[in-house]
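Number of protein chains: 2
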Amino acid sequence: MSSQAPEVLISEVGPRDGLQSVKATMPTTDKLRWIDALYASGIREIEVASFVPARLLPQMADAADVVRHALTLPGLTVMALVPNLRGAEAALAAGVHKLTLPVSASEAHSLANVRKTRQEMVEELARIVRLRDERAPGVKIEAGISTAFGCTLQGAVAEDDVVWLAAAVIEAGADESGLSDTTGMANPAQVRRLFHRVRAEIGERTGAAHMHNTRGLGLANCLAAYDVGVRTFDSSLGGLGGCPYAPGASGNVVTEDLVFMFEAMGIRTGIDLNRLLAARGPLQAGLPGEPLYGMTPEAGLPKGFVPAA
Amino acid sequence: MSSQAPEVLISEVGPRDGLQSVKATMPTTDKLRWIDALYASGIREIEVASFVPARLLPQMADAADVVRHALTLPGLTVMALVPNLRGAEAALAAGVHKLTLPVSASEAHSLANVRKTRQEMVEELARIVRLRDERAPGVKIEAGISTAFGCTLQGAVAEDDVVWLAAAVIEAGADESGLSDTTGMANPAQVRRLFHRVRAEIGERTGAAHMHNTRGLGLANCLAAYDVGVRTFDSSLGGLGGCPYAPGASGNVVTEDLVFMFEAMGIRTGIDLNRLLAARGPLQAGLPGEPLYGMTPEAGLPKGFVPAA
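Sequence order for the protein chains is A and B. Take the first sequence: its position 179, counting from 1, is numbered 179 in the UniProt record's numbering, and each next residue is one higher. Take the second sequence: its position 180, counting from 1, is numbered 180 in the UniProt record's numbering, and each next residue is one higher.
Simulated from the structure, these hints should not be mistaken for lab results. Heads up, the beta-carbon is just placed ideally off N, CA and C, and yes, glycines get one too. A hint or two may mislead.
[Claimed, not checked] Pairs of lysine to aspartate or glutamate, EDC-like flavour, derived with a Cα cap of 20 Å:
1. A:Lys303 x B:Asp161
2. A:Lys140 x A:Glu107
3. B:Lys98 x B:Asp272
4. B:Lys98 x B:Asp62
5. B:Lys303 x A:Glu171
6. B:Lys98 x B:Asp175
7. A:Lys303 x B:Glu159
8. A:Lys303 x B:Glu107
9. A:Lys23 x A:Asp62
10. B:Lys98 x B:Asp161
11. A:Lys98 x A:Glu204
12. B:Lys140 x B:Asp175
13. B:Lys116 x B:Asp133
14. B:Lys303 x A:Asp161
15. B:Lys140 x B:Glu107
16. A:Lys98 x A:Asp36
17. B:Lys303 x A:Glu159
18. A:Lys98 x A:Glu171
[Unchecked claim] With beta-carbon atoms standing in for the labels, derived distance ranges:
19. A:Val306 x B:Thr117: 50 to 60 Å
20. B:Gln284 x A:Glu298: 36 to 46 Å
21. A:Ala158 x B:Thr117: 54 to 64 Å
22. B:Ala200 x A:Thr117: 45 to 55 Å
Sequences are here, hints too, so could you generate the full structure?
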């Protein structure tokens, strides 16, 4: 691992996006061990939980406990997903550093996912921003534009809608706005075009590329996003997760393969690949029998591999 | 499928590279059905066989019969791999349109794969060129630089060696020279750098990018090659194949995912994706129980998908 500053930020979403997509509930102690292993590899931003009612997502019932533990890891940005104001209250009470609120560019997906229109979600975001300003002004708020590249319910999503929504969430007070390929429909040309337009609109407030590997294009899309200036990438160890409300969608980008790609390209991630591969151990231990993905873990690092210096 | 000319050439290598890497031998009639299905999807270049002694690769014992059938498909470029002059004689006698000779940039891999040094392979190529000039001057000869991005035996391969070898094979009379990531060690930065250098050296004689998905970077590497002007891509239906002499190497780029990527980007391949997916049927029928790969076949085409126009 290089002593120099990372050039890209890998934001691990497995403990939230991954765990909420599988049927089994990982015991809290296993979650903490897994998060510790991710941290030990050099990962410095983790979406550790989702603040949603436990009756909807029992996998996330221990969100506050998980956050409490994650806050003990020095230098780690502890993120949580919140679907609404109520979730934001709980997340802020738990002490997270960063909130992420999904706002869908597809009206159909927005209604199916959170039973709100896009405009209603922007208003919800504005309420969350006010709450944050009152209670925890240091906390960052990201709005992740989901279904930004297409929707399994409505099909194509107009690029103008995505650009409008990215501007609207920043206007409403979000610190950054990323784009999510919730449904695995993105292609590299579209990724370059859309991130380019969004950056022209909101500049450095452009947040993460959250790509899926549904049709095998996950890394190509991350490369495309990198090419147009994106420097934060969401991914999930073992490719765990997807979106339970977007039928047919599956497969977050695999953190191991993503980190391998950047490190092999000479782009510093701050992550030690061998330790990252070792972090699959506690994941597997906490979710016995759950299939994990990833080509680099299967093939191993190439002979004579040299990480970014 | 668009009526306009394709913008990239997808060169299907499954019937050669794929079939010679699996243990089972596909019956000839099944091979022909599979090739017909590939052709029906719009594929116009297929590496249909390898001309090697049947005792070494019994899967390829019917090479001449397969070529004979493939030659009946109008507009199809019928390619065969030959490891040496003897193979070239047989391939030319069978009537192929194009020969491909693997020439390894790694001395260690060259010795292990064909028991010749790189220089000896360049000399072998020159003999094949003379034979071609005498017997079948219309036939094209490609020299595929294998282990161009790294070698499982010797580790790193000097980029200067690759550029030198690409120039040497063109000097020896090859019509084109492509670069192969035989061992799945390439990364997009390296792909851009090396193809850029090779194009600077041999210009339009630069041939195919033959990428592997060993560490999940196959499509990202194809995108990188496209970005620097490469317009021919080798891939294998169902990701069948690899290199039996490069331990740990596996996984050709999946044709279905590659075609999906380009078509989704608006880059015409000339291939109908639904028919391409249907071509997995005869492949599976001829190789029962053999695992096939591909994310697009699993996920299906996105709702409202529009191919390149």
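Hint compliance check: list the failing hint numbers for this structure, sorted ascending. Checked against the structure, the hints that fail are numbers 2, 3, 5, 10, 13, 15, 19 and 20, while the rest are satisfied.
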